[in-house]
Every structure is written in structure tokens, then in C-alpha cells.
Amino acid sequence: MLRLGGLALVAIALVWSWRATEFSLGGLATGAPAIARFVANMTPPDTTWEILKIGLKSGLLTLQIALLGTGIGALFAVLLGLLAANNLTPEWVHHPLKILLAIMRSIPILLLGLIFVGAVGLGGSPGVLAIAIHTIGNLAKLFADECETAFEGVWEAMDSAGANWSQKVRFAVWPQVAPQIVSLTLYRFEMNIRESAVLGFVGCAGIGYYMEIYRRSFNYPRVCTMVLFTMAIVLGVDQLSVQIRKRIS
Amino acid sequence: MTQRTTPVIRVEHLEVKYGRNVVLCLEQLRINRGEQISIIGPSGAGKTTLLRTIKGYVRPSLGKIEVLGLNWSTCNRATRRRVQRRIGLIFQQFHLVPRLTVLQNVLCGRLGSTHRWASLLGHFSSEDRQIAWRAIAEVGLQEQVHQRADTLSGGQQQRVAIARVVAQQPEVILADEPVSSLDPVLGAEVLSLLREVTRHHDATLILILHQPALAKQFGNRVVGLRNGAVVFDDPPSKLTDDRLEEIYHGHSPVPLPRGDSPADEPLALVGA
Numbered sequence: 001m002l003r004l005g006g007l008a009l010v011a012i013a014l015v016w017s018w019r020a021t022e023f024s025l026g027g028l029a030t031g032a033p034a035i036a037r038f039v040a041n042m043t044p045p046d047t048t049w050e051i052l053k054i055g056l057k058s059g060l061l062t063l064q065i066a067l068l069g070t071g072i073g074a075l076f077a078v079l080l081g082l083l084a085a086n087n088l089t090p091e092w093v094h095h096p097l098k099i100l101l102a103i104m105r106s107i108p109i110l111l112l113g114l115i116f117v118g119a120v121g122l123g124g125s126p127g128v129l130a131i132a133i134h135t136i137g138n139l140a141k142l143f144a145d146e147c148e149t150a151f152e153g154v155w156e157a158m159d160s161a162g163a164n165w166s167q168k169v170r171f172a173v174w175p176q177v178a179p180q181i182v183s184l185t186l187y188r189f190e191m192n193i194r195e196s197a198v199l200g201f202v203g204c205a206g207i208g209y210y211m212e213i214y215r216r217s218f219n220y221p222r223v224c225t226m227v228l229f230t231m232a233i234v235l236g237v238d239q240l241s242v243q244i245r246k247r248i249s
Numbered sequence: 001m002t003q004r005t006t007p008v009i010r011v012e013h014l015e016v017k018y019g020r021n022v023v024l025c026l027e028q029l030r031i032n033r034g035e036q037i038s039i040i041g042p043s044g045a046g047k048t049t050l051l052r053t054i055k056g057y058v059r060p061s062l063g064k065i066e067v068l069g070l071n072w073s074t075c076n077r078a079t080r081r082r083v084q085r086r087i088g089l090i091f092q093q094f095h096l097v098p099r100l101t102v103l104q105n106v107l108c109g110r111l112g113s114t115h116r117w118a119s120l121l122g123h124f125s126s127e128d129r130q131i132a133w134r135a136i137a138e139v140g141l142q143e144q145v146h147q148r149a150d151t152l153s154g155g156q157q158q159r160v161a162i163a164r165v166v167a168q169q170p171e172v173i174l175a176d177e178p179v180s181s182l183d184p185v186l187g188a189e190v191l192s193l194l195r196e197v198t199r200h201h202d203a204t205l206i207l208i209l210h211q212p213a214l215a216k217q218f219g220n221r222v223v224g225l226r227n228g229a230v231v232f233d234d235p236p237s238k239l240t241d242d243r244l245e246e247i248y249h250g251h252s253p254v255p256l257p258r259g260d261s262p263a264d265e266p267l268a269l270v271g272a
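Protein chains in written order, with this note's numbering: chain Z, 1 to 249; chain W, 1 to 272.
Warning: the hint list may mix true and false statements.
[As the list claims (entries may be wrong)] Covered by chain W, according to a simulated footprint, are these stretches of chain Z (three or more residues, beta-carbon under 8 Å):
(1) 154-163
(2) 168-174
[Said to hold, decoys possible] Cβ pair distances, simulated, as ranges:
(3) Ser166(Z) - Asp241(W): 25 to 33 Å
(4) Asp150(W) - Gly71(Z): 24 to 32 Å
(5) Val182(Z) - Leu120(W): 56 to 64 Å
(6) Tyr18(W) - Ile107(Z): 39 to 47 Å
(7) Tyr18(W) - Val182(Z): 25 to 33 Å
(8) Arg99(W) - Pro96(Z): 29 to 37 Å
(9) Gly71(Z) - His13(W): 58 to 66 Å
(10) Glu127(W) - Gly153(Z): 25 to 33 Å
In case anyone wonders, no lab produced these hints; they're calculated from the structure.
Model, not experiment: these values are computed from the prediction.
Note that beta-carbon positions come from the ideal geometry of N, C-alpha and C, so glycine has one too.
The following block holds chain W by itself, in its conformation from the complex (with noise of 0.2 Å):
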């Protein structure tokens, strides 16, 4: 299988600047298909910046990245759309329609690859609705097909918008603090799902979070950020109280592991 070892994410000497702030400076960085990466780091640090670009709505001042083997800076607006629908993104807010259905909400990830004028009036091909009701039995939401999303749990809400994402089809997941509008339990239960549906389309899934204990846990590759760059790079294992100290130094994860540790002692991980 050569297919798992070609990158699917290849970055070189990256620069991403905010007017002339340096947001994110990376000297290289590569994400392979079929991995799991937890992207970890201090508020500001660049996490989202970096989600941004590898979606390509972020324009690097300097270097190159590729994605699924498309560099950004070099090609078309319509190639650039076209691997852009290849890569579905995950909210901290779920950003689903209130007022439609949970299967309209679901068939809205098909719109990238449905009849563009077919769907202005509402109309899906019958294979669009087979992809969205198998991507909503994915998730167990089969029992609420036909209920308002508005009317949803918050944890329902982020299962349809997984569905949603899984009837894109996509090759890459970008996920954005899923969970951190969720409560704990109903976090890791998402973080599963998420992971299960990432594994069972061969897709590779890139999440940041805020928590180390769920980043090591659903991650099997640990990214650290801080002030724009990778200070960490390694499988979780490796993730030690020590290096955690390094990535957040000063800067608190949220929520704090232990609830009351001071910024010069080391940070503990909840069951490290």
C-alpha cells in the first residue's frame, strides 16, 4: 500500500501573516493519509490559522503547501474549488441551517457535487439521498431524520453536522474544537464517532483541541503549536508532562488539568 504513505498534506517553509504580524511559520510539515492528528497549543498560537490554510481560505505569504497534491498558491480558482470540496470542516458551533431537516441539513454536504439548479429547488438525485440517509444511520440519528435540527441536543446537533460532513465525501476532516460547546461525556462520544467515520472512509482527520488528556487520546500523532510554530511533533506516548510544560509555558490548556496548577510547576495530564 503506497497510498498510506503519500502525503496528503505537504508543507515547506510556510509563512502565514495577519497584516504584518507573523501568525504561523512552519519549516515543514507532512500529514499522511489515514492519520489521526491532534493539533494542541496556547490560544494564539496558530491552530486555526494552520486548519485555514490547509483548507486553502488562508493565503501563505511565503512557502508552499500542498493538499492532496494541489498546491494553493500556484493553482486555478476552480482546481482550488474543486480539492476544496474534497476537504469537509467540522465548528465548535455545529453551523447547521435551524430551520431544515436533519436530512436537508445532511443532503447540504452533497451540494458541492449535486445538479447545481436541481438543488436551488430543493431537488436531490436519489443516490444524494441514499449517501445522506447512509451517512445519517453512520452517526444514529436514523429515529430523527425528519426533525428540525434547532430541536436537536447539542450532541446531536455535531452528529448531524458530522453526517453532513461524511456526505461530502471528503478525503480530509478539519475539525475546529469540536467539542468544546459539548459536556465531557458527550465530547469523547463524539471524538469517537468522529474518529470511526474518519477510519471507515480511509480519511485523514485533523483535530485541534483544547484538552491534552482527549488529544492524546484520539490523536494518533500529537502537534504542538506555540507562536506559530511546531515545538512539538511526535506520537502521543511521547507527550510528557515536561513537553506539555513547553507547548503551553505561561498559557493555561482549557480547562485546566488539575483545576489549580501555577504556571511554573509542570502541568499534569488527567490519566497520564
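Same shape as in the complex, but just chain Z (with noise of 0.2 Å):
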């Protein structure tokens, strides 16, 4: 009955939706020329060795910005986490910290890239504080959740010998939840390459503000040049990270 029920909700919900966005496929296949045509301006891509210049250059710098975005974010990520965790602190400190880290997420990327553009100008630093920020939202919850399945026994031994809280943190919680902890990070730095790329639209630095550079002035071969780059990066970094995640499970 109550699975009745909740298929009945889902399918209103899904109806619902597709009025108001008016979705239709049809309009996908009358669109098709123009697809057609736009997928033609953008081949063959511009391989001048200047654009293939700037593609790897800017694609790099994508790379970099999505590196030291987490990198940052993962580390505070880690101290807020275990600050957040409600087996490893008070209410009164982990309950309004995950109340901050769910407002720090809540906010698009996007603007948070608009509003540090705005504040600390063009180039590479308004996508790193921007990607920084959503990521200490995202995983200081995902590794605060970690953190309070950790085995509480382990925690008591600790206590019993005599061990601090971050002794305690350092030994019973830490071995039980680093490779967790690692896996997510990785999965947080794939998603952190496309956010990156994508923020150079809004005047971040990297592939992206390329990309939308080419756009604006209706440059397709070269905008088709820049996603083929940021493919390039998006694939490698996922292939790496399954990679090491194989090696640490």
C-alpha cells in the first residue's frame, strides 16, 4: 500500500514537472539540424599550435585550480568532519558546524565563483576559494557521517589507556575511517576537475574562460579544441583515480 503510494507521488511529481518544462523530444528531432549544423561548425578543430597552446596551458591551469581546490578543502574538510561528528564532540560544537557546512554547500559553485571574482578579481585564486568552499561543505559532512560509524569500543579502550581526544581521534577513529576518507576525497577532486572547467565562464581562469571566450565570439572550431582538452584531463583524472582506489581497498 505504501509503495502504491509512494510510485503514485513519484509519477505526479514527474508529470508535474514535464508540464512545467514544457519537455518534449519532438523538439529534439525538429531541433536536429541545428545540431547538425552546430556540431559542423565546430569540425574539423582549430590544431593551429597557438590554440593547441593555450588549450594545454589553460587545460593545466584547470587541473592546478582543481588540485589546490581540494587539496584546501580536503584538509579543513578533515578537521571540520571530525569536529562535526556528534560521537566526537558536544552539541554545542557539532551541531551548529553542520548547520554552517550545510549553508556552504547549499550555495551553486557558480555563484560562489561570481562572488569571488567580484571580490578578489579575474585569475586562477577566485576558483580555488570557490571550489575550496563547496568542497569543505561537501565532504566535512560525507566525513563527519564516516566518522559516527567508526566502532565505539575502540574509543573506550583508548579512553581507558589513559589517551586524550586527539589521541583518541589519532587511533580510534583515524585507521577505521582513512581509507573512506581518501576514496571520497578522490571522488570530490574528479568532480572538482569539471567544476573547475566550468568556472572559468565566470571569469575564473582556465580551459573554461577560453572556452566561453571562443563562444562569444562564435570561434567554434576552437571552442571544439577547448572540450576536446577538457575531456582529455576530465578522462585521465578518472582513470588515475580508479587506479588508486583499486590500490587502497
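Two chains, two frames, a set of hints: combine them into the complex.
Written out as C-alpha cells, the structure is:
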């Protein structure tokens, strides 16, 4: 009965959204020539040395922005995640912290990018800041969840041996959660590569910035080059991450 | 040796409440240095509460408890932490860190005495390491020193837990059903080991045991609890079937000594 009701609710929600968005596959069919034209305009990609150099350099920067943003974000996320775990800290510490983290991840990352471009100007830093903030909000929550599942008895055993809070965290919690923390951070890094590229659209440095410039000047072969570079980076990092995760599990 | 007769634990008119329920009510209890005590009683009799009160984790609502010369109710936090470090705990579920090696687990017993900041980086002094190695040798796990704790058998895991407590160099060892998750043969081995290391380090051992036979075998004094009160406190030789019946009546010790003893018949002891 309950399951049927749930199914009905989902169906209603879908129809409701369908009507509001006026989504239709027919539109896709009638729009097909336009898509074909767009693809035709993009090919062949611009492979002049100058453009390849821009793609490579800015692609690397996108990667570096994601790397630094993830690094800073994960570092703070570990600290805040421990403090936000309700089995490790008193209510007055973890409760407000959980709310703060929820606020941090509720702000769309592009909005964060716009805010920081306004605050610190164009370049790499606004991207790093936006990614770091969003990563903290996201990862710290996941880390806290992870800590909350850690086996409690070990904590009591360490306490009995005279360990202080940080020692208990280091020996009773950390060894239990570390593999998950590494894995979650890698996953977030993959996500951040894509975020880093898209943040270029709002003025952060990196490959997205050039994609947006070339799109505005209708230079589609160059846009295509940038898209291909982005895809290569994303796929490369995904592969690397799969390999690392295989090792640690 | 006046040391021998100094009480390490002195309880007077102690009452412990959980909410409005009195779970422990002891008129008087003295435990001297070097004693090996078995605590028995039906579940809910207050055995674990007594252990936690001795460790200073549970605050009594009334009365006085002195452990290693310190009154838990009147001392400050720092002093309490310092004295608590001299009391080791052994658990039914071992509570080892699964992903750490035997050595790393045993080194955790040094956390209260070692350099705090260095330990966070995983560094322990050579003195700490020596103590840990000796403790591992004492429980006979030299071969497994670098093996991960979660690859060991249950009996071996409890040995690691014992080594960890030995490394802590406690004066009192409290063990809450240390062998309930082990099979009987392993259980007896682990209890012998616990008794040996306690003697060797001149410590005091307090065991909660579910089987009266083991309690008689491994305690030189048996304390029987029932409804939070001491109803038996004598050498094991005085623990007759009648007295056992007094402690448990209506409840059965786990597992049943004979497997089929009805509540109205005196309980028989294995090998009694």
C-alpha cells in the first residue's frame, strides 16, 4: 500500500515537472538540423600550434585549480568533519557546525565563483576559493558521517589507556575512516575538475575561460579544441582515480 | 609486606542510580593489592556498573569509593585522569583497532604515558617500544607482531588486548566477561594468561565471569551480586551449590551448568 502510494507520488511529481518544463522529444527531432549545423561548425577543431598551446596551458591551469581547491578543501574538511561528528564532540560544537556546512554546500558553485571573481578579481584564486569552500561543505559532512559509524568500543579502550581527545581521534577513529576519506576525496577531485572547467565561464582562469571567449566570438573550431582538451583531462583523472582507489581498497 | 594488605579499592555505603533506579548498593567492599576476584551474578545484578564505578566512569549518587587511595567523588579531573590510567580494562569484544598491527595496537596502551604530540605522528619512544615488545612476548605473540589485528583469531585478539593492558602498566585490571566470545578451551587459556600477567606485575585483577565454574577456578575470592547488592563474598571453596542458588535463584548462569536445571532445583557446578 505504502509502496503504491510512493510510486503514485513520484509519478505525479514527474508529470508535474514535465508540464512545467514543456519538455518534448519532438523538439529534439525538429532541432536536429540545428545540432548538426553546430557540430559541423565545430569541426574540424582548430589545431594551430598557438591554439593547442592555449588549450594545453589553460587545461593544466584548470587541473591545478582543481587540485589546490580540493587539497585545501579536504584539509579543512578533515578538521571540520571530526568536529562535526556527533560522537566526537559535544552538541554545542557539532550542531552549529553541521548547519554551517549545510549552508556552505547549498550555495551553487558558480555563484561562489562570481562572488570571488568580484572580490579578488579574475585569475586562478577565485576558482580555488570557490572549489575549496564547496568541497569543505560537501566533504566535511561525508567525513563526519563516516566518523559516526566508527566502532565505539575502540574509543573506550583508548580512553581507558589514558589517551586524550586527539590521541583517541588519531588511534581509535582515524585508522577506521582513513580509506573512506581518501576515496571520497578522490571522488570529489574528479568532480572538481569539471567544476573548475565550468568556473571559467564566470571569469575564473582556466580552460573554461577560453571556451567562453571563443564561444562569444563564434569561433567554434577553437571551442571544439578546448572541449577536447577538457574531455582528455577529465577522462585521464578518472582513470588515475580508479587505479588509486583499487590500490587502497 | 604492609603493601599486601593496603586496600586498592575501598567502598563504603555506595549507591549508584541510573535515573531513579538504584542499580548498585554496597555496604562495604574492600579489595586488597594482589587479590584476584571473580564477580558473578545474574544479568542486571550490577556487575558491569560496579566495574565502571571502580574505573571512575560512573558517579555514585551516595557514599564513598576510594581507588588506589583516591576518592572519586572529591578529586579533580586531572587527578582522576591520572589515576584512571593506572586501571586497565579488558573487554568482551577486545576492542582492538582492526587495521593496525599487533605492535601498533599494543603501543596504544602507552598513549597515556607517552609524549602526546609525538604519538599523534605515530612516534613512540624506544622505551615505549621495549615495553610493548615485552608485553607481546608475555602473551606469546612474537610471531604475529607485524600482522594486522583483524587477521588474528578471537583468542589471539584477546591476547593482544591483554598485551595492550600490560603495556599500560596498570595496578588494577578490570575484565568484563573477557572470555564470553571465545570457546571454552580458549577461554580457560586466556584467563590463565590474565592471571599470570596480573601476578607477574603484582597487580589486582577483577573479573566478571558468567560461568561459576570459571569464577571458582580463576578467583581467589568470589563476589556474588544480586539486585545490586553483595550476597556472597568468600573464597571459592565456600561457593557451594546452595550459595550459588542464593545468588542466581530464578535466573540461570550462562550457560546452564547442566543444561537442564530447573529454577527450583539447586544449581550444580561443573567439577564442584
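Checking against the hints above, which ones are violated? As far as the earlier hints go, 3, 5 and 7 are violated by this structure, in ascending order.
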